[in-house]
Structures are given as C-alpha cells and as structure tokens.
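Enquirer: Single-letter residue listing:
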Amino acid sequence: DAKTTQPPSMDCAEGRAANLPCNHSTISGNEYVYWYRQIHSQGPQYIIHGLKNNETNEMASLIITEDRKSSTLILPHATLRDTAVYYCIVRVLDNDMRFGAGTRLTVKP
Amino acid sequence: GAVVSQHPSWVICKSGTSVKIECRSLDFQATTMFWYRQFPKQSLMLMATSNEGSKATYEQGVEKDKFLINHASLTLSTLTVTSAHPEDSSFYICSARDQGRAYEQYFGPGTRLTVT
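These protein sequence lines are chains A and B, in that order. Our numbering applies: residue 4 is where the first sequence begins, and numbers increase by one. Our numbering applies: residue 475 is where the second sequence begins, and numbers increase by one.
It is worth saying that the hints were derived from the structure and are not from the lab. We put the beta carbon where it would ideally sit given N, CA and C, even for glycine. Possibly wrong hints are sitting among the right ones.
For the chain A half of the interface with chain B, some residues (derived, Cβ under 7 Å), not all of them [as the list claims (entries may be wrong)]: (1) C15; (2) A20; (3) Q45; (4) G46; (5) D99; (6) M100; (7) R101; (8) A104.
Straight-line Cα separation of at most 25 Å, SDA-like style, residue types lysine to any residue; simulated pairs [stated by the list, open to error]: (9) B:K529 to A:N98; (10) A:K6 to B:L520; (11) B:K494 to B:D562; (12) B:K515 to A:P11; (13) B:K494 to A:E17; (14) B:K494 to A:D99; (15) B:K515 to A:T82; (16) B:K515 to B:T590; (17) B:K515 to A:F102; (18) B:K515 to A:S12; (19) B:K538 to A:N98; (20) B:K540 to B:G527; (21) A:K55 to B:E578; (22) A:K6 to B:Q534; (23) A:K6 to B:T523; (24) B:K540 to A:F102; (25) A:K6 to B:Q516; (26) B:K515 to A:S44; (27) B:K515 to A:I50; (28) B:K538 to A:R107; (29) B:K538 to B:E496; (30) A:K55 to B:D572; (31) B:K529 to A:D99; (32) B:K515 to A:D97.
Not the full set, but computed from the structure, chain A residues with beta-carbon under 10 Å of chain B [what the hints assert, rightly or not]: (33) Y37; (34) Y39; (35) S44; (36) P47; (37) Q48; (38) Y49; (39) I51; (40) D97.
Sequences and hints are given; from them, build the entire structure.
Expert: What follows is the structure, given as structure tokens:
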C-alpha cells in the first residue's frame, strides 16, 4: 500500500473548519483513501473513505485532488470532542489497515 | 454500524502469568480479524491477522508462541499473552472485517494491559 505523509500536529478553533492534509504521492489506481481517528485511549473510529471523487457524510468531507496524490479531510465545524489523532490510510480493498503516525488535532475553545 | 467488542477493557496481571483478551463481532460475521498493539504516544502496530478456522499470520518481530491467537468462530477471536512481562504492557486493539463487505474493517474499543 502507498505511504502517507501527514503533519504531526494541528490546532483548530472551536466552531471553525478543520482541514487535515494528507500526501500520498505514490498511490496507485486501485487504492482507496481512508480516514480514521482515535480519541485518547479508545479504538480507532472510521470517518470516511473514497477512491477519486470527493465524499461527504455526516462527520466530514473528503477532498481528493485530481491526480489523487493528496487529500484533505474537512471537519466543517470542529468541536472540542473532535480533539483526536487523525490517520490517513491508503490501501487496496481487502488489505489490512496499517497506521502511520497521524495528525494530532487539538480543538481549542 | 457494525460493532466490535473487547473483553476485558483493562486488566492488571503479575509478571509470568498469562492473560486472555476476547474480541467479538456483535452484529456481523468476521472471517478475518486483526490484532494491533499500541504503546503510549505511538501509532497502532499490526501484530497478526487471523482467519476463522486457520492459523494466524504474524507480523515480523511478533512472537507467535508468546501471543497466541485463536479464531474459532466467525464472531470470536482471542489473544492470549503468555508469560507476560512488564514490557508487554500496552493497549491491545482488535479489528474485524465484515464477511459480507470485504472492504470494511471495524475496530474494537481496546484492552489496556498492565503487567506488574
């Protein structure tokens, strides 16, 4: 699976949009982009995934660039409960999930 | 959504004893389950993959005789840490793949193991 690069940490003001970037320049055509988050001392929580089109659900939006070499997870109105480590994972379907270092997002009041 | 449970949520054991952690898929059948380990301030590291009815596949560097995995049914996998030592203290997380939706992988809440 392609390797991903994420900033180690980010801050965001409560109520503002949080935009978390992920680089995956070696992604191949059949690899999906997944986002999970992990709140302290809990298991990872699925957020969203996509192949090449932008995706939106009740939690977030996923914007994938046209060349698919990078993506951005958008939390439209961050709350304090969104403070967590966010993981961007690229994988072929049926492969296991392997986690990088992720981005530690801190939402501040 | 699909739910994965783990039991216990935390356990303290003495050095040299063994401890078993259960992972269950509550509302779906999981042909494949995964076990991860997470040390403080680190990311999740895949330990092993288990398929129902067959032997687990361990990642490089993970001792299969120390971390015994049994996946006896489509809803239950167990991880036994044998002869535990303080360095085995960690957060253990299981994950299960939905048999009906091969690309979906769901995670349990984790088990905090402390070996004294």
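Enquirer: Out of the numbered hints, which ones does the structure contradict?
Expert: Hints 1, 2, 13, 28, 32 and 39 are the ones this structure does not satisfy, whereas the remaining hints hold.
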